[in-house]
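Following the hints, put chain B in place on chain A, whose structure we already have.
One letter stands for each residue in the lines below.
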Amino acid sequence: MEDTDIVELYLNRNDRAVEETKKKFGVYCKTIAQNILHDSRDIEEAVNETWLKAWISIPPAEPKVLSAFLGGITRNISLNIIRKDSAKKRSLSYAESYEELDNLMGGGDIEDEFDAKELENAVNAFVAELPKIQRNVFICRYMYFESIDRIAVRFGYSRGKVKSMLFRIRKRLKETLDEEGLL
Amino acid sequence: MKGTDLLIDAIGKIKDEYTVDACLPKRRIGRKSIKWLGLAVAAVICIAVPLPAATALGMDEAYRFLYMMSPKIAQTFKPVELTCESNGIKMTVISQKINEDEGSFYISMQGDMLDETVDLFDSYYINCPYDSVGHVSLSEFDEETKTAYFVVNVKTMNGEKIPHDKLTFGVRELIFGKCDYEGFIEDVDLSDIPKDPPTMQNVNGRGWGGYRVNDEFDYNSLSYLIPCETPLAEPVDGVTVTGIGFVDGALHIQVCYEDILHTDNHGFIEVVDRNGKKIFSEEDSHYMNVSFWDEEGVNSYDEIIIPTDYDDLGDYVLYGEFLTSSDYKSGDWEVTFPVK
Chain A
1 MEDTDIVELY
11 LNRNDRAVEE
21 TKKKFGVYCK
31 TIAQNILHDS
41 RDIEEAVNET
51 WLKAWISIPP
61 AEPKVLSAFL
71 GGITRNISLN
81 IIRKDSAKKR
91 SLSYAESYEE
101 LDNLMGGGDI
111 EDEFDAKELE
121 NAVNAFVAEL
131 PKIQRNVFIC
141 RYMYFESIDR
151 IAVRFGYSRG
161 KVKSMLFRIR
171 KRLKETLDEE
181 GLL
Chain B
184 MKGTDLLIDA
194 IGKIKDEYTV
204 DACLPKRRIG
214 RKSIKWLGLA
224 VAAVICIAVP
234 LPAATALGMD
244 EAYRFLYMMS
254 PKIAQTFKPV
264 ELTCESNGIK
274 MTVISQKINE
284 DEGSFYISMQ
294 GDMLDETVDL
304 FDSYYINCPY
314 DSVGHVSLSE
324 FDEETKTAYF
334 VVNVKTMNGE
344 KIPHDKLTFG
354 VRELIFGKCD
364 YEGFIEDVDL
374 SDIPKDPPTM
384 QNVNGRGWGG
394 YRVNDEFDYN
404 SLSYLIPCET
414 PLAEPVDGVT
424 VTGIGFVDGA
434 LHIQVCYEDI
444 LHTDNHGFIE
454 VVDRNGKKIF
464 SEEDSHYMNV
474 SFWDEEGVNS
484 YDEIIIPTDY
494 DDLGDYVLYG
504 EFLTSSDYKS
514 GDWEVTFPVK
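Protein chains in written order, with this note's numbering: chain A, 1 to 183; chain B, 184 to 523.
Keep in mind that the hints were calculated from the coordinates and are not lab data.
Glycine included, C-beta positions come from ideal geometry on N, C-alpha and C.
Watch out, some of these pointers could steer you wrong.
[What the hints assert, rightly or not] Calculated pairs, DSS-like style, for lysine-lysine (alpha carbon to alpha carbon, straight line, at most 27 Å):
(1) A:Lys132 with A:Lys88
(2) A:Lys64 with A:Lys23
(3) B:Lys198 with B:Lys280
(4) A:Lys88 with B:Lys378
(5) B:Lys198 with A:Lys24
(6) B:Lys185 with B:Lys344
(7) A:Lys163 with A:Lys132
(8) A:Lys163 with B:Lys361
(9) A:Lys30 with B:Lys196
(10) B:Lys338 with A:Lys163
(11) A:Lys163 with B:Lys185
(12) A:Lys53 with A:Lys64
(13) B:Lys361 with A:Lys84
(14) A:Lys88 with B:Lys196
(15) B:Lys523 with B:Lys512
(16) B:Lys338 with B:Lys280
(17) B:Lys198 with A:Lys117
(18) A:Lys89 with B:Lys378
[As the list claims (entries may be wrong)] Listed below are several chain B residues computed to face chain A (Cβ distance under 7 Å; list not exhaustive):
(19) Gly186
(20) Leu190
(21) Ala193
(22) Ile194
(23) Lys198
(24) Asp199
(25) Thr202
(26) Glu283
(27) Met340
(28) Gly342
(29) Gly392
(30) Ile462
(31) His469
In isolation and in its complexed conformation, chain A is listed as follows (with noise of 0.2 Å):
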């Protein structure tokens, strides 16, 4: 079934949604939670949050890329479970890219006058000015927090092609962060 005819289920509040979509995006959200979380059942817990929240949302929600809404749900839902209990387990390739971020950041706090919307406007920006290729490798590593060698298989180059490629975007991210005043 298309997308669209999905989202149309939506809107005119038919059951049937729900089930399209968990056998369309089924495997899909659940690799984002897996990239996350490393508990099974926090992982299907994530899962079928996205499911209810999707339900919840659309409408008045009319989502034009429904992966990216329903990825974006997995991702925010499974991000939550481990914010808030920091005894829970996460993922090898999240606690990687974390720690690539936090090294990036500095692994200080932010003070409250923080504006995170300046963050989220520097980073669209960044993302904007991304060659291509550069961009799609930072989306795998960062938004769906891929492993190295799944991003490798993925994109044809060697492991250490990829860790030179994302050394490189961290540091150009940096210092556009910097030149914001953001860091």
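Below, chain B without anything else, positioned relative to chain A:
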């Protein structure tokens, strides 16, 4: 709120138009599945094979099986070895610092052939009786004694304190003589590129990149340059430009990386103007590269393919960025020490 969490949230709000082309995660048989398969095999072996027979496989093998079955028990029986030597390089545990769920361990490696660029080449492993994440970084290099000091950082996955148990750290390969080269490749003249040079097919592909091909890319759908016997350019040791030419309306540039499984030689190559402005690079959507092995499966070729007009190239020059290492040493370095 921690700055890193805010950054992760900001990345989560990247607009759909930028994320839609990124890879959609796919289900693959990952390490976890392999680990469970290994566990199942180990379980069968341990049940079916008495311990003396298992140890007859060799202590290392017996330890590996036991570690797969129960890391905690395996580490309990692992003898303490604070120092070891292999292939003329000595590894020693120097000191440790434990802070709640994080631990840092200083390890030295000393050998006459080492230099300040020494790298563990992702060949290290950390065995401990709990789920953890870890990484290793070079702390400093003492030129006088030819000693490299590495910091091994370990963090428990569940946030609990690091138990007072034993930890094993091992390394299988070192690379050194690392070089980071960046510059014009003047020896290749882009105003005199052969048209329709001899080509070959049926390469032993090892990967591809770029957006002109999909997941079902067939290596045999393209023709590749036959590597020149005498390289056209050697911008840095271990990297040679082995061909350039126009094939089927596209510019092909072929670069050979020497012995990549031991050197991790890799790089990027692009077409720039004399001011360094990028004309064709991996950042373009129509740029693609195909990597394939030589006949011996030792050296790797990257063939960069850029659809463009022949006449467009005369004013430009190749530009490369390469990371190479000149030497490596394989060995069996492993230390086991109590965490205090």
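Tested hints:
1. A:Lys132 with A:Lys88: violated (35 Å)
2. A:Lys64 with A:Lys23: Holds. Lys64 of chain A to Lys23 of chain A sits at ~19 Å (cutoff 27 Å).
3. B:Lys198 with B:Lys280: Since the Cα atoms of Lys198 of chain B and Lys280 of chain B sit roughly 43 Å apart, the hinted pair is violated (cutoff 27 Å).
4. A:Lys88 with B:Lys378: At roughly 60 Å apart (the allowed maximum being 27 Å), Lys378 of chain B and Lys88 of chain A break the hint.
5. B:Lys198 with A:Lys24: With Cα atoms ~22 Å apart, Lys198 of chain B and Lys24 of chain A stay inside 27 Å; holds.
6. B:Lys185 with B:Lys344: holds (21 Å)
7. A:Lys163 with A:Lys132: holds (17 Å)
8. A:Lys163 with B:Lys361: holds (16 Å)
9. A:Lys30 with B:Lys196: holds (20 Å)
10. B:Lys338 with A:Lys163: holds (21 Å)
11. A:Lys163 with B:Lys185: With Cα atoms ~25 Å apart, Lys163 of chain A and Lys185 of chain B stay inside 27 Å; holds.
12. A:Lys53 with A:Lys64: With a Cα-Cα distance of about 17 Å, the restraint between Lys53 of chain A and Lys64 of chain A holds, given a limit of 27 Å.
13. B:Lys361 with A:Lys84: Between Lys361 of chain B and Lys84 of chain A the Cα gap is close to 43 Å, so the pair fails against 27 Å, i.e. violated.
14. A:Lys88 with B:Lys196: holds (24 Å)
15. B:Lys523 with B:Lys512: Violated, at about 32 Å.
16. B:Lys338 with B:Lys280: holds (12 Å)
17. B:Lys198 with A:Lys117: holds (13 Å)
18. A:Lys89 with B:Lys378: With Cα atoms ~58 Å apart, Lys89 of chain A and Lys378 of chain B exceed 27 Å; violated.
19. Gly186: holds (4 Å)
20. Leu190: Interface hint status for Leu190 of chain B: holds (6 Å vs cutoff 7 Å).
21. Ala193: Hint holds; Ala193 of chain B Cβ to chain A Cβ min 4 Å, cut 7 Å.
22. Ile194: Check passed: Cβ of Ile194 of chain B comes within 5 Å of chain A, closer than 7 Å.
23. Lys198: holds (6 Å)
24. Asp199: holds (4 Å)
25. Thr202: Holds - the Cβ of Thr202 of chain B comes within 7 Å of chain A, reaching about 5 Å at its closest.
26. Glu283: violated (11 Å)
27. Met340: At 5 Å from the nearest chain A Cβ, Met340 of chain B passes the 7 Å test, so the hint holds.
28. Gly342: holds (5 Å)
29. Gly392: At 5 Å from the nearest chain A Cβ, Gly392 of chain B passes the 7 Å test, so the hint holds.
30. Ile462: violated (13 Å)
31. His469: violated (10 Å)
The earlier numbered hints that this structure contradicts are 1, 3, 4, 13, 15, 18, 26, 30 and 31.
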